[in-house]
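Heads up: the protein sequence lines correspond to chains A and B, in order.
What the first sequence shows, in this note's numbering, is residues 1 to 306, in sequence order.
What the second sequence shows, in this note's numbering, is residues 1 to 306, in sequence order.
Everything labelled a hint here was simulated from the structure, so no lab data went into it.
For every residue, glycine included, the Cβ atom is placed at its ideal position computed from N, Cα and C.
Mixed in with the good hints there might be a few duds.
To be verified - The following residues of chain B were derived to be distant from chain A, with all beta-carbon distances above 10 Å:
id: 1; residue: Lys29
id: 2; residue: Pro33
id: 3; residue: Ile104
id: 4; residue: Asp114
id: 5; residue: His119
id: 6; residue: Thr121
id: 7; residue: Glu131
id: 8; residue: Asp176
id: 9; residue: Lys244
id: 10; residue: Glu270
id: 11; residue: Pro282
To be verified - Covered stretches of chain A (chain B as the covering partner; in silico rule of three or more C-beta atoms under 8 Å from a C-beta of chain B):
id: 12; region: 30-44
id: 13; region: 216-223
Said to hold, decoys possible - With a Cα cut of at most 25 Å, we get these calculated DSS-like pairs of lysine-lysine:
id: 14; chain 1: A; residue 1: Lys177; chain 2: B; residue 2: Lys218
id: 15; chain 1: A; residue 1: Lys277; chain 2: A; residue 2: Lys261
id: 16; chain 1: B; residue 1: Lys160; chain 2: B; residue 2: Lys122
id: 17; chain 1: A; residue 1: Lys25; chain 2: B; residue 2: Lys262
id: 18; chain 1: B; residue 1: Lys29; chain 2: A; residue 2: Lys167
id: 19; chain 1: A; residue 1: Lys277; chain 2: A; residue 2: Lys244
id: 20; chain 1: A; residue 1: Lys261; chain 2: A; residue 2: Lys15
id: 21; chain 1: B; residue 1: Lys167; chain 2: A; residue 2: Lys167
id: 22; chain 1: A; residue 1: Lys122; chain 2: A; residue 2: Lys256
id: 23; chain 1: A; residue 1: Lys218; chain 2: B; residue 2: Lys177
id: 24; chain 1: A; residue 1: Lys177; chain 2: B; residue 2: Lys167
id: 25; chain 1: A; residue 1: Lys193; chain 2: B; residue 2: Lys241
id: 26; chain 1: A; residue 1: Lys95; chain 2: B; residue 2: Lys167
id: 27; chain 1: B; residue 1: Lys306; chain 2: B; residue 2: Lys296
id: 28; chain 1: B; residue 1: Lys277; chain 2: A; residue 2: Lys21
id: 29; chain 1: B; residue 1: Lys262; chain 2: B; residue 2: Lys160
id: 30; chain 1: A; residue 1: Lys25; chain 2: B; residue 2: Lys160
id: 31; chain 1: B; residue 1: Lys122; chain 2: A; residue 2: Lys167
id: 32; chain 1: A; residue 1: Lys167; chain 2: B; residue 2: Lys160
id: 33; chain 1: B; residue 1: Lys296; chain 2: B; residue 2: Lys177
id: 34; chain 1: A; residue 1: Lys29; chain 2: B; residue 2: Lys262
2 protein chains.
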Amino acid sequence: MSRYVISLGGNALGKNATEQKELLKEVAKAIFPLIEANHDIVIVHGNGPQVGMINLAFSESTSTPMMPFAECGAMSQGYIGFHIQNAIYNIMQEKGFHRPISTIVSQVLVDVNDPAFQHPTKPIGSFYTKEEALELEKSQGYTMVEDAGRGYRRVVASPKPLDVIEKTSILSLLHDKQIVIAAGGGGIPVIEKDGHLYGVDAVIDKDHASAKMAEIIKADELIILTAVDYVYLNFNTPEQKTLKNTTLDELEGLLKENHFKKGSMLPKIEACMAFVKATKKPAVIASLEHAALAFKQQSGTIINYK
Amino acid sequence: MSRYVISLGGNALGKNATEQKELLKEVAKAIFPLIEANHDIVIVHGNGPQVGMINLAFSESTSTPMMPFAECGAMSQGYIGFHIQNAIYNIMQEKGFHRPISTIVSQVLVDVNDPAFQHPTKPIGSFYTKEEALELEKSQGYTMVEDAGRGYRRVVASPKPLDVIEKTSILSLLHDKQIVIAAGGGGIPVIEKDGHLYGVDAVIDKDHASAKMAEIIKADELIILTAVDYVYLNFNTPEQKTLKNTTLDELEGLLKENHFKKGSMLPKIEACMAFVKATKKPAVIASLEHAALAFKQQSGTIINYK
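Let the hints inform the model, and build the full structure from the sequences given.
So, in structure tokens, the structure goes:
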């Protein structure tokens, strides 16, 4: 019996409610072996396309009020959490093996002095003309940047996760052998000021949030499920090499050689390294398709402390 | 030490995120005495205006996909749950008294054969012209009705809540003395078919959901917080009479005399009666403003079994 944090890509969830429900049937099937083996499981999901969609709906709609990005993230946790807990409930019913499952709406603490707030880089929401962009900078205080000829977009900070505010609730449920969905989309980012928590418009990388979650709940393994079976060196070139087993030291060297793409494999590698460094436990990057094998460490890139 | 279910009106939450955060500071203050006294607390909130807003954003937006009403409800649970847990966390910080609090995204079971599905009555979303309404009936299978000269609106069913799917998670958290926000908006309505749960476009009355929740978790008292201090007979007439203490028998008689307004006081009375009948425990209808007194049964209408 081990304790796992599973990080699930927001791109694996589809573009609308119907697609998301279909895709999650496969996710539920993939995760079921861990459930059946009675392991402790926390599922952290991405929300990039989904929170973008919610944000877009509110900005395009003319009769609804402005909706802050943190609140859109909270909505995406309800939306995606509902579908995941529903899909896993249903597969358990099919298999005749039941464990309680639920979603905890999660705030994740970030540092108001995180340097990321000085250099927002994460594009969110719709495209605007230069004039509209200037107007939004003035009226809303947004930071707007040009996005490769497609127009102007708002960018928000991507600060590092420091704590999961609802961790005690998550631990209580794990203690009772329940499956938990939490820190969806990396969590609703909150900062602390005079002891109070305030939501901020930012995006916490969901792999970094998974790593922090895994550290906090003392997970035995962090599993990042993505679209590729392994981490590759020289990806998509004739020199492509599959990385099956690696260590912190080896990855440090590879990072210096800039092997991994920003916004794609790099944050996953960095998140795994943070978890492995903090806990000396292994992390795995594997494909959703081969999740069952990855749970047995028979597929995916395994990152060990030494 | 007692166990309470507190039902909170969606109209008390405001029209946008800023207003909601402000109003919830007052709600948090009102509920704090129960928290400090170490009682078990489950908070069920309404979501009428909020789920309407989310639904409206998606129907007005041109580039986002159609969003089913059940999913909009799930979003409202994330949105409102985040704000409630944040507000209560903050008041606890101020008072230097902390208990864990979190929101459980909740599915609530309804019967696919509930007669309510044959007679949908609950108006949701935007107003349409007659032509648009006919088109929506054809393309989406919606039931559209004319709304008092203001145009056509979709109506959905308001079936009775039968079970809270995530009850085991809620009970685990209560057992660990944590505060739980659950079944927001009456819960995401799901039907069971061949052992699987499916979300349906419907609205479960949040007071009825609170009563069912209170019954399931064996609450000692159901408290419905609303805009008025008491239940009144002949409300807003010279014969207005305050109902302070009452019983199931007395209420049965008053119901026959049609004393209470549909869509307003009637569902609250019926929800209280259902809880009191099932458990022989008391229910209270009181104002949010005098919640602290209501918790001590010094304000509000108390409904006893006998």
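Here's how the hints hold up against the structure:
1. Lys29: Per Cβ check, B:Lys29 is outside 10 Å of chain A; nearest 14 Å; holds.
2. Pro33: B:Pro33 is indeed farther than 10 Å from all Cβ atoms of chain A, at 20 Å.
3. Ile104: violated, 5 Å
4. Asp114: holds, 20 Å
5. His119: holds, 26 Å
6. Thr121: Nearest chain A Cβ is 24 Å from B:Thr121, so the label holds.
7. Glu131: The claim stands: B:Glu131 keeps its Cβ more than 10 Å from every Cβ of chain A (closest is about 20 Å).
8. Asp176: violated, 4 Å
9. Lys244: holds, 37 Å
10. Glu270: holds, 27 Å
11. Pro282: Holds: least Cβ distance 29 Å, greater than 10 Å.
12. 30-44: violated (count 0)
13. 216-223: Our answer is that it is violated, as 0 residues pass the Cβ test (under 8 Å) against chain B, missing three.
14. A:Lys177 x B:Lys218: Given that 25 Å is the threshold and the Cα spacing comes to 22 Å, the pair holds.
15. A:Lys277 x A:Lys261: holds, 21 Å
16. B:Lys160 x B:Lys122: holds, 13 Å
17. A:Lys25 x B:Lys262: violated, 41 Å
18. B:Lys29 x A:Lys167: holds, 24 Å
19. A:Lys277 x A:Lys244: Holds, at about 19 Å.
20. A:Lys261 x A:Lys15: With a Cα-Cα distance of about 24 Å, the restraint between A:Lys261 and A:Lys15 holds, given a limit of 25 Å.
21. B:Lys167 x A:Lys167: holds, 19 Å
22. A:Lys122 x A:Lys256: holds, 23 Å
23. A:Lys218 x B:Lys177: This hinted pair holds, its Cα atoms lying about 22 Å apart.
24. A:Lys177 x B:Lys167: Cα-Cα ~14 Å, so holds.
25. A:Lys193 x B:Lys241: Distance of about 48 Å is beyond 25 Å: violated.
26. A:Lys95 x B:Lys167: It holds: about 21 Å lies between the C-alpha atoms, which stays within 25 Å.
27. B:Lys306 x B:Lys296: holds, 19 Å
28. B:Lys277 x A:Lys21: violated, 39 Å
29. B:Lys262 x B:Lys160: Cα-Cα ~15 Å, so holds.
30. A:Lys25 x B:Lys160: Roughly 28 Å separates the two Cα atoms, so the pair is violated.
31. B:Lys122 x A:Lys167: violated, 38 Å
32. A:Lys167 x B:Lys160: violated, 34 Å
33. B:Lys296 x B:Lys177: It holds: about 20 Å lies between the C-alpha atoms, which stays within 25 Å.
34. A:Lys29 x B:Lys262: Answer violated: A:Lys29 to B:Lys262 is near 45 Å, above 25 Å.
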